[in-house]
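Protein chains: 2
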Amino acid sequence: MNERLIYLPLGGAGEIGMNAYVYGYGPEGKERLIVVDLGVTFPDMDGTPGVDLIFADLEWLEDNADRIEAIFITHAHEDHIGALPHVWGKLRKPVYARAFTGRIGQLKLEEAGIPPETITIVEPRPQTISCGPFTVQFVPVSHSIPESSALVIDTPAGRVVHTGDFKLDGNPIVGEPFDPKLWHEIAKEGEGVKVLVSDSTNVFSPQPGRSEATLAEPLAELIASQKGMVVATTFASNVARLKTLAEAGKAAGRSVCLLGRAMKRMVSTAEETGVLTGMPGTIPAEEAVEVPRQNLMLIVTGSQGERRAASAQLARGKYLGLQMKEGDTFLFSSKTIPGNERGVIRIMNSFSEMGVDVVDDHGGLYHVSGHANRPDLEAVHDLLRPKILIPMHGEHRHLREHAKIGAGKGIASEVATNGTMIDLTGDVPKVVEYIEAGRTYLDGSVQIGAMDGVVRDRIRMALNGLVLVTVILDEEDQALGEPWVELMGLPKVGRSGAPLAEQIEDEMTEFLDRAPVKILSNDDKIDEALRRIARQVSMEEIGKKPEVIVVTSRLME
Amino acid sequence: MNERLIYLPLGGAGEIGMNAYVYGYGPEGKERLIVVDLGVTFPDMDGTPGVDLIFADLEWLEDNADRIEAIFITHAHEDHIGALPHVWGKLRKPVYARAFTGRIGQLKLEEAGIPPETITIVEPRPQTISCGPFTVQFVPVSHSIPESSALVIDTPAGRVVHTGDFKLDGNPIVGEPFDPKLWHEIAKEGEGVKVLVSDSTNVFSPQPGRSEATLAEPLAELIASQKGMVVATTFASNVARLKTLAEAGKAAGRSVCLLGRAMKRMVSTAEETGVLTGMPGTIPAEEAVEVPRQNLMLIVTGSQGERRAASAQLARGKYLGLQMKEGDTFLFSSKTIPGNERGVIRIMNSFSEMGVDVVDDHGGLYHVSGHANRPDLEAVHDLLRPKILIPMHGEHRHLREHAKIGAGKGIASEVATNGTMIDLTGDVPKVVEYIEAGRTYLDGSVQIGAMDGVVRDRIRMALNGLVLVTVILDEEDQALGEPWVELMGLPKVGRSGAPLAEQIEDEMTEFLDRAPVKILSNDDKIDEALRRIARQVSMEEIGKKPEVIVVTSRLME
Chain A
1 MNERLIYLPL
11 GGAGEIGMNA
21 YVYGYGPEGK
31 ERLIVVDLGV
41 TFPDMDGTPG
51 VDLIFADLEW
61 LEDNADRIEA
71 IFITHAHEDH
81 IGALPHVWGK
91 LRKPVYARAF
101 TGRIGQLKLE
111 EAGIPPETIT
121 IVEPRPQTIS
131 CGPFTVQFVP
141 VSHSIPESSA
151 LVIDTPAGRV
161 VHTGDFKLDG
171 NPIVGEPFDP
181 KLWHEIAKEG
191 EGVKVLVSDS
201 TNVFSPQPGR
211 SEATLAEPLA
221 ELIASQKGMV
231 VATTFASNVA
241 RLKTLAEAGK
251 AAGRSVCLLG
261 RAMKRMVSTA
271 EETGVLTGMP
281 GTIPAEEAVE
291 VPRQNLMLIV
301 TGSQGERRAA
311 SAQLARGKYL
321 GLQMKEGDTF
331 LFSSKTIPGN
341 ERGVIRIMNS
351 FSEMGVDVVD
361 DHGGLYHVSG
371 HANRPDLEAV
381 HDLLRPKILI
391 PMHGEHRHLR
401 EHAKIGAGKG
411 IASEVATNGT
421 MIDLTGDVPK
431 VVEYIEAGRT
441 YLDGSVQIGA
451 MDGVVRDRIR
461 MALNGLVLVT
471 VILDEEDQAL
481 GEPWVELMGL
491 PKVGRSGAPL
501 AEQIEDEMTE
511 FLDRAPVKIL
521 SNDDKIDEAL
531 RRIARQVSME
541 EIGKKPEVIV
551 VTSRLME
Chain B
1 MNERLIYLPL
11 GGAGEIGMNA
21 YVYGYGPEGK
31 ERLIVVDLGV
41 TFPDMDGTPG
51 VDLIFADLEW
61 LEDNADRIEA
71 IFITHAHEDH
81 IGALPHVWGK
91 LRKPVYARAF
101 TGRIGQLKLE
111 EAGIPPETIT
121 IVEPRPQTIS
131 CGPFTVQFVP
141 VSHSIPESSA
151 LVIDTPAGRV
161 VHTGDFKLDG
171 NPIVGEPFDP
181 KLWHEIAKEG
191 EGVKVLVSDS
201 TNVFSPQPGR
211 SEATLAEPLA
221 ELIASQKGMV
231 VATTFASNVA
241 RLKTLAEAGK
251 AAGRSVCLLG
261 RAMKRMVSTA
271 EETGVLTGMP
281 GTIPAEEAVE
291 VPRQNLMLIV
301 TGSQGERRAA
311 SAQLARGKYL
321 GLQMKEGDTF
331 LFSSKTIPGN
341 ERGVIRIMNS
351 FSEMGVDVVD
361 DHGGLYHVSG
371 HANRPDLEAV
381 HDLLRPKILI
391 PMHGEHRHLR
401 EHAKIGAGKG
411 IASEVATNGT
421 MIDLTGDVPK
431 VVEYIEAGRT
441 YLDGSVQIGA
451 MDGVVRDRIR
461 MALNGLVLVT
471 VILDEEDQAL
481 GEPWVELMGL
491 PKVGRSGAPL
501 AEQIEDEMTE
511 FLDRAPVKIL
521 SNDDKIDEAL
531 RRIARQVSME
541 EIGKKPEVIV
551 VTSRLME
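Quick note, the sequences are listed as chains A and B, same order. All residue numbers for the first sequence refer to the UniProt record's numbering, where the first residue is 1 and numbers rise by one. All residue numbers for the second sequence refer to the UniProt record's numbering, where the first residue is 1 and numbers rise by one.
Incorrect hints may have been included.
Identical copies go unnamed one by one, so any copy, or any two together, can satisfy a pair.
[As the list claims (entries may be wrong)] Simulated pairs of lysine to aspartate or glutamate, EDC-like, Cα-Cα distance not exceeding 20 Å: (1) Lys318 / Asp427; (2) Lys492 / Asp52; (3) Lys325 / Glu185; (4) Lys545 / Asp44; (5) Lys544 / Asp44; (6) Lys404 / Glu326; (7) Lys544 / Asp452; (8) Lys545 / Asp457; (9) Lys544 / Asp457; (10) Lys525 / Glu189; (11) Lys227 / Asp523; (12) Lys181 / Asp382; (13) Lys404 / Asp360; (14) Lys409 / Glu482; (15) Lys93 / Glu117; (16) Lys90 / Glu378; (17) Lys544 / Glu111; (18) Lys90 / Glu123; (19) Lys325 / Glu414.
To be clear, the hints were calculated from the coordinates, so they are not data collected in a lab.
With the sequences and hints as input, model every part of the structure.
Below, the structure is given as structure tokens:
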């Protein structure tokens, strides 16, 4: 039987977030597998109310767990590592990551009661990790978190470069720069790069990306020119930005205080693992309250308007004794991720009401992206000269645009969304199978399938409100008393001016009084009839058809 | 008693949308009133699930209805006219608007069963409308809908200019240009402008706004260069854009078809009232299906990703026999309003999956805003030289920024959010009262208050799920059978692997078996105890504390 090299995205291809990719090599259906990244995506009220986290449905991986050699984590962003503590128990395979990423992962595993030694900390290239038919190297790339890595995956069918998230930054402040020489070497070794599986997030950004280093001067100028307290927010994991902000604060004669658990953990882990050095000293909140506001700078979590983060707490009032006031400045050294606009705008307006000046990224003056823009992606195509390009980490439109660019250069390119298994053995990628690729919701402490109907019912209750009916029938199938109706999420009174619940009860009583035994003796028929009455009366009274639950109780001697 | 001039925003000041402003003149508490605009804002799943429309709480106006002289509508955008059919019945005052706006309003009133003659169609300046102490003129301004008007409101205390929504466009394609000479005249008459109440939407846009006319060439080039079917979307009310798009389609040898009820109504009303002339002929959908795709252009509703609009229908598949295919182009000649990103992106990706090329506004190449940018606002300050500036139509941050600009020029400026009554009689604006200014939800056919708790309950059910408990007690306060538990929006099975509903039932049965009569005879105590059990068991099993409804029925002989 012929051996083959396969690629199967389970998350991250057809969306931004929730990364989970599988590579396999071996005879068809018996390929040995490695998993790259196990990330989460975040719920929203529109589609996933009440849900805590979302990650890829790993049923296929679980079914084939005996074929998995190992799990590799490219970097410590939640959309690459966040699912690990929640799904590792189902896979139970060795995990490899570099020091900073691995340490963040170990902290997460510990919290979930999983031994941290599960993650093996590895060095970057030239170290190699051998897993069945695969030989894997971590290769440093620049991104918006320290120590982001691409993977060079050597297989008997050729070399795969999986970029992870990256940008071309020669001076990323913290962590390694993107090193074209190193990548040139990788492209030249052996038979070169067979397949490039590449980040597509910023494919629609037409200008070359800018270095993290370009922010230092504008940020220093901005902060030096403020008169009141300065509060800056950025992504907690952007350790380089935290350093730049802290240095700018220090240079402006300000004591710097970090607020927010995620941010403190990132900084301490970065220092502990040696990726961050020279971070200006910071003071705790207890000390910060004593510092005159013109000498104080806070760096806080919550750049996306998250309700529980420090920025939102400050927008609501006092937080850990600290409070923003007229003449203070709040800086978003970040961009708003699509979908988070409302939360961010809410905070901006709360600050405005306090008389606080809000400064946004000013079109890139105070923030740069961590992803490669279109010209940068093309530069990587040209540097690596792969035979095949598989765009990943993008919505469908990003993948499609990226594949078009590849095809335009004569690289065999294929859009492969979650669940699409691609055979990479030949000269062109070939779709060989579609796997059911869904989403799993972490809901409280339970993992539920996206299609289980639980969340659908929540959405229905939220949109339509709920009528709850209880009716008791005696031994002769006669209603005992009147049915009882409770409303939840519905107006109490409608068109007629009489209480809606009573109107529904009256109609139901009338129905039960004259309904024949063949209906009254059948729970399903009663359910159906009462449901119809509840919806009909509601429609007339309040113009809505609510969800209805009917509970029929029967007395038996 | 001294007479005074007051301004009271009830909606639109502290938000973008839901405009509703009140002016009054007379002795304190007895001022005669006029209302300017009665608009809506749109619900979202985050804060207002299931709600149909949102408008200002008009309780204060209703309480003072006998003091209202008239209602003026500046233009036909939903956030200025949308509430009229829903609230007119509570105010029952004459409504004034110009022809196009008035006709749109009349259609809305008719649908609500209100006589269309309620709206009096008026001509622009020099016509004046006298209402009690007010003399009002409609003055044409340019905007993204035909016939937008500012109001010049003359009072014994001086002249107020209420800009409505506007931009400075010398060539708006449809409708009147902004005419600086006319405004110069208005500024010079009598004692000049005492108060400028001005649109603030685009105060954060630093460049001068661009004319609608700048789009004609880029749009024509874009459409001429497409090979498949072209589908363009924009705001249904942007009649000028519709004309430009249709002309570009025509010039490219394409038959043009309008899809979407709102869009057709806007075009036909614009033609009927004479504001739109020279619109290229269009064909109905039934004919469009017969036209070769390279010769066809659709102009469709749904630029904000609205689920029921034509764009979303096409994104889901066939719509009125028309279907997009590989090689077709979909153009957003619009910008995405913050909060609508997810819906728009969903559509973009659906088209991408079909192989359709999606073109966005390209940073303004294919769309211009209808609002005055910062330099334009400043130009109006300079043109009108008001003594007082009251920014309106903006979130708090917009109002504050706009007021800062005014103050910087020595104009007495005041941020007045919804419910803030300002005395404009003197040289500087003076806050004199805070009115309770809330929101009213149209929910189905019922109007409910935002604070009624109805929507709060829906959100809670959506976030937490629902446990429904029914228990029957006999004449001696003993439970008859076991309590019955139903779940809605909750996982069926949790930690223990046993059904959650049964786990809750078992705990409840145990409780009821040993509970003393003083609890069992008291519905409130039973309710409280069973509720606690449901939440506690759920927390242990599924890590969530659900909403709980307990229905206790008692048998009585």
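Here is how each hint holds up against the structure:
| no. | hint | in the structure |
| --- | --- | --- |
| 1 | Lys318 / Asp427 | neither (62 Å within a copy, 37 Å between copies) |
| 2 | Lys492 / Asp52 | between (32 Å within a copy, 17 Å between copies) |
| 3 | Lys325 / Glu185 | neither (55 Å within a copy, 43 Å between copies) |
| 4 | Lys545 / Asp44 | between (24 Å within a copy, 19 Å between copies) |
| 5 | Lys544 / Asp44 | between (24 Å within a copy, 17 Å between copies) |
| 6 | Lys404 / Glu326 | between (51 Å within a copy, 13 Å between copies) |
| 7 | Lys544 / Asp452 | between (26 Å within a copy, 17 Å between copies) |
| 8 | Lys545 / Asp457 | both (14 Å within a copy, 17 Å between copies) |
| 9 | Lys544 / Asp457 | both (17 Å within a copy, 16 Å between copies) |
| 10 | Lys525 / Glu189 | neither (73 Å within a copy, 77 Å between copies) |
| 11 | Lys227 / Asp523 | neither (72 Å within a copy, 60 Å between copies) |
| 12 | Lys181 / Asp382 | within (13 Å within a copy, 59 Å between copies) |
| 13 | Lys404 / Asp360 | between (34 Å within a copy, 18 Å between copies) |
| 14 | Lys409 / Glu482 | neither (75 Å within a copy, 71 Å between copies) |
| 15 | Lys93 / Glu117 | within (12 Å within a copy, 76 Å between copies) |
| 16 | Lys90 / Glu378 | neither (38 Å within a copy, 63 Å between copies) |
| 17 | Lys544 / Glu111 | between (46 Å within a copy, 19 Å between copies) |
| 18 | Lys90 / Glu123 | neither (27 Å within a copy, 73 Å between copies) |
| 19 | Lys325 / Glu414 | between (54 Å within a copy, 19 Å between copies) |
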